[in-house]
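J.: Protein chains in written order, with the working numbering: chain R, 1 to 306; chain H, 1 to 533.
Don't take every hint at face value.
Sample of chain R residues facing chain H (criterion: CB under 7 angstroms; computed from the structure) [what the hints assert, rightly or not]: (1) ASP70; (2) TRP72; (3) ARG73; (4) PRO86; (5) GLU99; (6) GLY110; (7) LYS114; (8) PRO127; (9) VAL212; (10) GLU213; (11) SER214; (12) GLY215; (13) SER216.
Keep in mind that the hints were calculated from the coordinates and are not lab data.
Note that beta-carbon positions come from the ideal geometry of N, C-alpha and C, so glycine has one too.
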Amino acid sequence: MLAMTEVISMTGVHKRFGQTRALDGLDLAVREGEVHGFLGPNGAGKTTTLRLLLGLLRADSGTASLLGGDPWRDATALHGRLAYVPGDVTLWPSLSGGEVIDLLGRLRGGLDDKRRADLLEMFDLDPTKKGRAYSKGNRQKVALVAALASNVELLLLDEPTAGLDPLMEDTFRRCITDEMKNGRTVLLSSHILAEVEALCDRVSIIRAGQIVESGSLTELRHLTRTSIEVEVANPPTSAADLGGAHNVTIEGTRIVCEVDAQHLDDVVRRLATYGLRSLVAHPPTLEELFLRHYRSGGDGEETSGT
Amino acid sequence: MSSLVGAWTLVRLILRRDRATLPAWIAVFALLPMAVASTFEELYPTAEEVARAASQFGSNPAFSGILGPVYGGTIGSLVAWRSSILFVIIGVVSLLTVVRHTRVEEETGRRELLGSTVVGRHAPLAACLTVVVAANLVVAAVVAVTLTSTGQPAPGSLALGLAIGFSGIMLAAVGAVAAQLTDTAGAARGIGLAVLTLAFVLRAAGDSAGDNGAVSWLSWLSPLGWVQRVRPFAGERWWVFVLPLALTAACAAAALALSLRRDVGAGLFPARLGRAEAAPGLASPLALAWRLHRGPLLGWVGGFVVLGAIYGSVAEGVGDILEDNPDLLDIFEQLGGGGSVLMDLYLSGVMGILGLIASAYAVQAALRMRSEEEELRAEPVLATAVARHRWVGSHLVFAFAGPAVVLVAAGLSIGLTYGAVAGDVGNQVPRMLGSALAQLPAVWILVSITVLLFGVLPRLAGASWLVYGAVVLITLLGAVIGLGQWVLDLSPFTHVPTLPGGELLLAPLIWLVTIGALLLVPAFTGFRRRDVG
């Protein structure tokens, strides 16, 4: 693949709120045309990162560039080229959903009326209701339609499907797939792993204000462990005999363990020496991948099994 | 009663949330009457001087229209008369407190969270009313004790304390009803403040022609008139307390009954549908600001027209009083102008009051930016191609021009009604218009202070209400409780020329405008540099 330009690039960004370190040396790179998953536990700094990129917050230190400009200094000019869906959508109680969509679109520099109508249809949204009458999911749809109907290069989405029903989540995925085909870049903060798996080219995982992992899903999978379950003829006496395996459980002739990718070869060879009768291996699931990074401690070393 | 389960826990929650504000306002209202009493004692050391002051104040329609009649001729009766401004202010505070703990809780969804726990249907409303009623009773008790301890008669002290307390209690109950009617806190506050304004206007109209004037029955229609007609220190009429008690009971019962007839989160007035597509004009921050500000603006304009019409039309009664009081006529003729001087004195007093009320609107309009920010509605707008200064500027258009519009409305309304009564519309309209607009530079100072707090110390933006409260107290009570000139000078209204009637001094107005404009510089710079949200 050709070297791609970076739409978002942040290096060593720090941001404190009083005593709290919200961002603690964050590095983030999002390439042009990709859907980039942005994951992390609650309070890790995802929303702070997005607000910094929008120039709503000012970084204490570090550098950030967005669409080739400075997110703080060039905020207004850059905002014409991006659309944002906040995680917590609040609407003006007296404005209808349709009015909010049009207003935000026009403030960005115009929106595609055809696309607006299609999106209202797809998301099954009644634009005549007043802001205060919408449920959380419907408020979310208003913000999504406003963002997706705009002709922009970059979409910043902060947990955009929180509150949507599964049908609407599916609609959302189709929309993002379309956006990708149109060459738009998307930064998608999300907790929904299936969504991330279905949509994202690359992901970055943030914890306690730092990016702890970044790469394609294949690369990240490679970093995590495969679970192995075997039946052997002559089981070892101690877990220590299986160097490189984690959380080893030996019950009679049955052994269950987790193995890092780099030790897989060693461990399987060792197991073979015990006389394999059956072997089941599970590839690492995304859940395991994320849980490992989300847990405090962060090096993935859970309490060792017996 | 199962409908009240959890009420005590909620009382504790309210006390915890208001642990700073509640003691603060209780202390202010409880101690002010004592401060007023000691100042009057210094000002009028002998009984004759007290009696003379009482009769002068009592016969001046400018004063009785604003503060009500003076009953009796003792220090106590002067304190009771002057404290009538506290009836209004404690009413506003109690009303806002009730709305904040009821409708705001529903609007933000916190009520839902509480309602899902073991909390009775009536518990939140009952808990909130309990706290506010108790706070007002504490005020009443402290007023009674402090005034008695400084040598005032005990029955009068108790009556005045209860009059102040019941003003707050009645408005708390009114607020509880208002909070059931609408589905937004803003509209609930609006209804409550409209009721209070009507009560004030009725009392002012009834009293401006004297205690026994032709329209004095109007005061009996006003809750603010009732508490005054208890006549503390002047032969207390205890039976009058039946009226506030009945109103409170009726409102509280109505609020509880209404709350059974509606869903949590909804009001009694149903929500309407809006447009599917925005009008072509809704395409700028200014257009959005107009949508957000137009409702309050129209409401305030309507209120000011009514207020002006009432003040203008009762001005005629001022003349009647002069006919009854040749001594007073002499005094004013010595001042060089006879009846018209007194009339102008009354009207200039009215203008000052209108300026203070317009300032409340101005602060409210300026704080709209902060609530937009806090409720995360500034974020989506600032995330579009709208620069921060454009967003602030569009709100400031309404914070600065809005008060001008309401003052013009009031000036026109007074000019037309008073002019019609006096048969001199052609002259009075421009005079009243000019006099009303002379208040504007002082009002703008409060806007600038609010915007400065918003730009530099956003978390303290709400403190602009404290600034406003201080300005109101200094302007209306500062001289009476003997604050030094330098304290009086802190209120921008001290520097507004006395119009109509006085000399039109441009210098102080220009100074006020300049200071207001200079305060905006750090306000804008601060907002440009700070974090949003």
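J.: All the hints need checking, so say for each whether the structure fits it.
T.: Do the hints match the structure? See the list:
1. For R:ASP70, the shortest C-beta to C-beta distance to chain H is roughly 14 angstroms, which exceeds 7 angstroms, and the interface hint is violated.
2. Using the Cβ-Cβ criterion of 7 angstroms, the hint placing R:TRP72 at the interface with chain H is not satisfied: the shortest such distance is roughly 10 angstroms.
3. Given hint, R:ARG73 at the interface with chain H, is violated; its Cβ is 11 angstroms from that chain's nearest Cβ, farther than 7 angstroms.
4. Given the 7 angstroms rule on beta carbons, the hint for R:PRO86 holds: about 6 angstroms separates it from the nearest Cβ of chain H.
5. With its C-beta approaching chain H no nearer than about 4 angstroms, R:GLU99 sits inside the 7 angstroms limit, and its interface hint holds.
6. For R:GLY110, the interface hint is violated, the least distance from its beta-carbon to any beta-carbon of chain H being 9 angstroms, above 7 angstroms.
7. Hint status for R:LYS114: violated, given a least beta-carbon distance of 13 angstroms to chain H, over 7 angstroms.
8. This hint holds: R:PRO127 has a C-beta 5 angstroms from the nearest C-beta of chain H, less than the 7 angstroms allowed.
9. Proximity of R:VAL212 to chain H is violated relative to the hint, the smallest CB-CB distance being about 25 angstroms (cut-off 7 angstroms).
10. For R:GLU213, the suggested interface contact is broken, since its CB lies about 28 angstroms from the closest CB of chain H, more than 7 angstroms.
11. Among the interface hints, the one on R:SER214 is violated; its C-beta lies about 25 angstroms from the nearest C-beta in chain H, farther than the 7 angstroms criterion.
12. This hint is violated: R:GLY215 has a C-beta 28 angstroms from the nearest C-beta of chain H, more than the 7 angstroms allowed.
13. Interface restraint check for R:SER216: the shortest CB-CB distance to chain H comes to about 29 angstroms, outside 7 angstroms, so the restraint is violated.
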